[in-house]
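When we follow the working numbering, the leftmost residue of the sequence shown carries the number 1, and every step to the right adds one.
What the hints contain is simulated information worked out from the structure, not anything from laboratory work. A virtual CB, placed ideally from N, CA and C, is assigned to each residue, including glycine. There may be inaccurate statements among the hints.
Taking lysine-lysine pairs in the DSS-like style, the calculated list, with each CA pair at most 27 Å apart, reads [said to hold, decoys possible]: (1) Lys296 x Lys250; (2) Lys329 x Lys318; (3) Lys318 x Lys296; (4) Lys325 x Lys303.
FRET-style restraints, in silico, Cβ to Cβ [stated by the list, open to error]: (5) Ala312 x Ser211: 21 to 27 Å; (6) Ile238 x Ala292: 46 to 52 Å; (7) Val332 x Ala123: 38 to 44 Å; (8) Cys96 x Arg313: 50 to 56 Å; (9) Gln267 x Gly73: 19 to 25 Å.
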Amino acid sequence: MEETKRPYTGMEGRHHRYQGRIVCSLPVASKDGFGSTIHLGKASDRCSLRTESLSATAYVPGAVSVLNSYATGKGVAFGIGLGQTVEVSLTPTSTCGDVTVLSSYRSDRGASLVRECVRKTLALGDSDNCFDTRVTVSSNLPIARGLKSSSALANATVLAVANAIGADLSLGQMMSIARAAEIKAGVSTFGSIDDGWATALGGVVCADSESRRVLWRHSSQDALDAVILAPPESARHIATGARESLRSFKKEMTGLCAMASRGDVFQPMTVNAIVHARQFGYDAGVIFAALAFGAKGVALSGKGPAYVALTARTETNKVIGAWRKYGHKILVTGIDNRGAVIRNAAGDRMRKEA
Numbered sequence: 001m002e003e004t005k006r007p008y009t010g011m012e013g014r015h016h017r018y019q020g021r022i023v024c025s026l027p028v029a030s031k032d033g034f035g036s037t038i039h040l041g042k043a044s045d046r047c048s049l050r051t052e053s054l055s056a057t058a059y060v061p062g063a064v065s066v067l068n069s070y071a072t073g074k075g076v077a078f079g080i081g082l083g084q085t086v087e088v089s090l091t092p093t094s095t096c097g098d099v100t101v102l103s104s105y106r107s108d109r110g111a112s113l114v115r116e117c118v119r120k121t122l123a124l125g126d127s128d129n130c131f132d133t134r135v136t137v138s139s140n141l142p143i144a145r146g147l148k149s150s151s152a153l154a155n156a157t158v159l160a161v162a163n164a165i166g167a168d169l170s171l172g173q174m175m176s177i178a179r180a181a182e183i184k185a186g187v188s189t190f191g192s193i194d195d196g197w198a199t200a201l202g203g204v205v206c207a208d209s210e211s212r213r214v215l216w217r218h219s220s221q222d223a224l225d226a227v228i229l230a231p232p233e234s235a236r237h238i239a240t241g242a243r244e245s246l247r248s249f250k251k252e253m254t255g256l257c258a259m260a261s262r263g264d265v266f267q268p269m270t271v272n273a274i275v276h277a278r279q280f281g282y283d284a285g286v287i288f289a290a291l292a293f294g295a296k297g298v299a300l301s302g303k304g305p306a307y308v309a310l311t312a313r314t315e316t317n318k319v320i321g322a323w324r325k326y327g328h329k330i331l332v333t334g335i336d337n338r339g340a341v342i343r344n345a346a347g348d349r350m351r352k353e354a
């Protein structure tokens with residue numbers, strides 16, 4: 001993994017540019033960057049009444065844990081080539097309607113998350129404007145497996161709505177809205193800071209949950225496959241007291257984080273996977289089976305139950321063969337270095353500015 005130095009803070013406020021359809025002024029900054037009240041001033045100074053239908057599409061990748069944040073408060077994850085695509089259509093109406101969510105998978109919590117993201121993003125505009133909102137979600141990312149599907153969905157929804165109304169949100173402000181929506185919708189207790197930044201930026205990202213900032217980011221230059229073993233959602237479980245006991249590994253996890261910051265993610269992700277599999281009550285034998293057949297490193301992503309092996313492409317089929325005996329779905333993808341993108345007829349437009 002070759003390092004690309006990018007000094008992300010993500011919390012700097014700035015005035016937002018609009019694209020001709022609406023003339024608005026959005027907040028310079030929120031109070032603390034996450035979930036706080038945003039002061040916009042008088043409505044008459046912000047927006048003119050919208051009359052045309054608006055639409056936009058955004059794509060955000062999922063991600064895989066290198067180091068979970070339970071022990072240190074700092075998490076490391078890398079983007080993968082599976083993700084969430086969100087298409088938003090806003091039709092102006094005289095009365096404010098509900099948010100209709102159409103999805104390729106059935107998830108009540110996912111629909112609640114989308115609605116919270118839509119409402120919080122539209123709240124940046126003029127309260128005099130009402131929309132019937134239709135959100136279509138398509139995904140090739142397994143949900144509830146630890147592959148950051150909720151973070152990707154929240155980021156993609158906020159980005160699509162903001163682009164539809166013409167707001168050029170920074171990634172830091174997108175993160176603020178999306179993490180607050182995750183908490184409100186009940187899909188996260190504190191807002192998944194490391195997961196959110198990894199899906200937003202792509203590559204290998206380390207984020208601090210306390211300061212809510214990106215500490216470093218690498219772009220992967222390796223031609224690697226990510227082989228995913230995806231047990232069913234029903235396999236997800238965490239042994240009683242596991243999270244508390246993980247704090248005893250703080251020293252070891254701090255050392256592994258330093259190793260990952262220098263570009264070596266294989267050993268940290270594997271040790272993290274073994275420790276967390278044993279603490280959570282998963283089968284660590286899955287990890288050793290992949291290593292025995294040539295995997296460079298193996299992750300137990302998030303709270304599981306998905307395992308991800310990074311392999312040289314010449315070794316991919318060997319790892320797939322080793323994992324077939326478990327009888328679960330196996331997917332093969334790559335590492336995503338792009339992160340969040342806006343999709344339109346001219347092609348994908350990457351969002352890298354913090």
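Checklist entry - If you check the beta carbons of Cys96 and Arg313, does the distance land in 50 to 56 Å? => result With Cβ atoms ~51 Å apart, the hint holds.
Checklist entry - Taking only the CA atoms, is the gap from Lys325 to Lys303 under or equal to 27 Å? => result 22 Å, holds
Next on the checklist: Is 19 to 25 Å respected by the C-beta to C-beta distance linking Gln267 and Gly73?
Outcome noted: 21 Å, holds
Checklist entry - Is Lys329 within 27 Å of Lys318, Cα to Cα? => result 16 Å, holds
Next on the checklist: Can you tell me whether the CB distance of Ala312 to Ser211 sits inside 21 to 27 Å?
Outcome noted: 36 Å, violated
Next on the checklist: For the hint 46 to 52 Å, verify it against the beta carbon of Ile238 and that of Ala292.
Outcome noted: 27 Å, violated
Next on the checklist: For Lys318 and Lys296, compute the direct alpha-carbon distance and say whether it is at most 27 Å.
Outcome noted: 12 Å, holds
Item to check | Pairwise hint evaluation, Lys250 against Lys296, where the allowed Cα distance is 27 Å at most | outcome: 24 Å, holds
Next on the checklist: Within 38 to 44 Å: is that where the Cβ-Cβ distance between Val332 and Ala123 falls?
Outcome noted: Since Val332 and Ala123 have Cβ atoms about 41 Å apart, the given range 38 to 44 Å holds.
This entry does not satisfy hints 5 and 6, going by the numbered hints stated previously.
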